[in-house]
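> Sequences and hints are given; from them, build the entire structure.
Residue numbers (my numbering), protein chains in the order written: chain A, 1 to 376; chain B, 377 to 453; chain C, 454 to 881.
Please note: incorrect hints may appear among the correct ones.
As the list claims (entries may be wrong) - If the Cβ cut is set under 8 Å, some of the chain C residues that face chain A in the computed set are:
1. Met454
2. His457
3. Leu461
4. Glu464
5. Gly468
6. Ser472
7. Phe473
8. Asp476
9. Arg479
10. Thr638
11. Gly704
12. Leu721
13. Thr726
14. His748
15. Pro851
16. Pro855
No lab work stands behind these hints: they were computed from the structure. A virtual CB, placed ideally from N, CA and C, is assigned to each residue, including glycine.
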Amino acid sequence: MGYDPENPMADRITDIGPPHYEQFFPPVVKKNYGKWLYHELIQPGVLMHKGESGDECYTVRVGAARLISIELIREICDVADKHCDGYVRWTTRNNVEFMVDSKAKVQPLLDDLKGRGNRFPVGGTGASVSNCVHTQGWIHCHTPATDASGVVKAVMDELFDYFVSHKLPAQVRVALACCLNMCGAVHASDIAILGVHRKPPMIDHDAITGLCELPLAISACPLGAVKPATVKNSAGEDIKSVKVNADRCMFCGNCYTMCPAMPLADPDGDGIAILVGGKVSNSRKAPMFSKLVIPFLPNTPPRWPETVAAVKNILETYAKDARKYERVGEWAARIGWEKFFEKTGIPFTIKSVDDYRLAYDTWRTTTQFKFTSHIK
Amino acid sequence: MALSKDELKAAILEKALNGPKAQLYVKDFYACDPEAGPRDVKNAANDLVKEGKMDFWSSGSTTMYAAKGRAKDEEHR
Amino acid sequence: MPKHDTPLLDELEKGPWPSFVTDLKRQAEKKPECFDILGQLELSFRDKITHWKHGGIVGVFGYGGGIVGRYSDVPDRFPGVAHFHTVRLNQPSSKFYSSAKLRDICNLWEKYGSGMTNMHGSTGDLVLLGTTTPNLEPLFYELTHDLNQDLGGSGSNLRTPECCLGRARCEWGCYDTQDLCHTLTMHYQDEIHRPAFPYKFKFKFSGCPNDCVAAIARSDFAVIGTWRDDIRIDQAAVKGYIKGDFIPNAGAHSGKDWGKFDIKKEVLDLCPTECMWMEGDTLKIDNSECTRCMHCINVMPRALRPGLKQGATICVGAKAPILDGAQFATMTIPFLEVKKNEDGEYAEVVEVIEKIWDWWMEVGKNRERVGETIMRVGLPTFLKVMEVTPLPQHIKEPRSNPYVFWQEDEVEGGFERDIKEFRKRNAQ
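Here's what the structure looks like:
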């Protein structure tokens, strides 16, 4: 049979959902499901899980780009077929995990991976910088303020040593979202790299009538900066369009999402902000948001040296100063944010003082503070 | 008295075809029958898409409805 | 399609981290449209701006999600990516695969798409990047008929649910994350594939408070495993850690000399509730004071395990900043036994979900996440909707302003009063 373009609805199948997960479990996982006793990291990137049965599952974790080709997936399948009975999994941070059921099978797997150039770096476990999760950027997104894959490649090259080792005070989660919408939800990362726009949208009065529902563009603005307006298009006709109050624009791009005739991306306006100190886990301190410490760095492809240097500086200042187990945000909270700025040498600017909604939560309302070099 | 499903669908389609807005949120159709539950309304609207009378328009993050041919889209400029 | 010069992208072939540029070039040998992906990306690197446009109506017939339309704004220069739509496949729970299944997906994507993917998207889908409108229906036909696979969510739909690997390969899964994720995914196929809500709605399932899928930060409906009895202690293993027989934190700190393991400094003093102490070489825990943060268990996995009375805490309303600012999910139901009934359904979880939906579909504004709706109407109103008894656990601290919205029936005599009677006693 097969698809018949003349009759596209013939024997259509819908709503079958994903295949059941259990068929993809390696035998050692299936057998010990729900009966695991403990785990150990026998070296960076290699985990051993011990079952109540005495069985052991060895996992080799490998960093990968999020953007990968079917050729590379096929190569991953080759490795899985050769060493892992044809099973493999991905983590939530875009790492690939190969699992074997005995220690003897680990080294041949590691050797094989090592023999494949730099495609399969082993690491991302324990007190490391694990894989940097990210969004699409210039490879696929229509609203980005920066690239994603390119920035992440440049950052991970520089932090590589921390991916393949366990030498940090705690795990450090680095994440990138290519615009303020944060479809990558980087708002709870130890170090967040965030694409930001800084110019209000332009309005294409010649295209807006055909492209946009004006009420949607107007209501899309969280701050009411988009208003209806009658303007002349380039043919000299009066048309219904919108105007933007630049003073009220927060550069979120929400209007552009609803109305493509309001582009705001710009080579000079766009760039990167750095936020730090977020965490998701409930371990010790409650989950924390990432906080804005560098409001803007320029977009400098192909390797974004300013962003790479900023991330590395924060990471290494933290690595030197934090206590064992302390996440970046716990460290900054303990020493105080004034000390964070002093130790990292990041200039403090008024852009880090909140004036959006719920801003008061972040203002200091105590006489307790530290005298740092900021106070002259 | 609430509308029957067919009456509700007719009211939704009428609004999508001839209302002032070309693209509508599902909530915009709630007024077609104030007595109907939100689920009844969305099921009726989704039925109209299955029948080829309405289209989904999506920004990627949010979805709207439009009568066939009324939505504004890059490909159909 | 010809090769383009990519001097800027070529710089990203250097360095130790796997290069997506090298990968794209290898793929381009078989799928020449990848040359145009590289060409257009090079142009973006030069122009410092994206060259993609969004397309709104693209989809497979009858589905209001799973496909995101994308067009090049320089199609004449890069015809291979003139249409470049995204296809989201609903990943299997916790992303285990067989090579056979992956090869089937690769073959399908070689036939109908660019050959490039995301493993995986931020919500958890297996994302296929780049195909044309005419390819969508045949791709969907073969996907459902031959691969027994379906699309995930997008737009104002229930988004593709995601879970941690839980009991499959972790000792801390306090409920069966995969089964709950899969069961609810099947239960809500209509909501995943067709819009139903004012905006997106996400489910995420974590097996313990370490929350490896970031449920509390990213999902409207977060189910996070927990327990309500005592942490299980193996005292012999505690002694093993103290003696140095076992490496603390499962070896996570092996790359630096942090000195000899010090249980007081590394466990007892870091306990947020200070509910642990040593009596000689025996570890004691006052479990009634424990808030189940996981730190002690993380540090000594061979000695400590979650209790046996396991279930989950349900938190509602997390989201990224757009629009009102980022929100974590608010603790709503402290403990729920996550149990399947004889019909194979998680009826209690479904009941909680549908209570939220029925209310939010009515009250939520367009493009308002449920966390923002809760913020707008207030947590007290939401707790009433959920028919949940207000508990001190719902708040960090009591309110510090006195502006309580008293209801008329809560006040003796009600709100109606006679001003004339009042004036008889209290002159103007």
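> Taking the hints in turn, state whether each one holds.
Going down the list of hints, with the structure as the test:
1. Met454: Hint violated; Met454/C Cβ to chain A Cβ min 16 Å, cut 8 Å.
2. His457: Violated, because the Cβ-Cβ distance from His457/C to chain A comes to roughly 15 Å (cut-off 8 Å).
3. Leu461: 4 Å, holds
4. Glu464: With a closest approach of 4 Å, the Glu464/C hint holds.
5. Gly468: 3 Å, holds
6. Ser472: 6 Å, holds
7. Phe473: 4 Å, holds
8. Asp476: Holds, about 5 Å.
9. Arg479: Constraint on Arg479/C satisfied, holds at 5 Å.
10. Thr638: 5 Å, holds
11. Gly704: It holds, given that the least Cβ distance between Gly704/C and chain A is near 4 Å, below 8 Å.
12. Leu721: It is violated, given that the least Cβ distance between Leu721/C and chain A is near 13 Å, above 8 Å.
13. Thr726: 10 Å, violated
14. His748: 5 Å, holds
15. Pro851: At 17 Å from the nearest chain A Cβ, Pro851/C fails the 8 Å test, so the hint is violated.
16. Pro855: With Cβ-Cβ at 18 Å, over 8 Å, it is violated.
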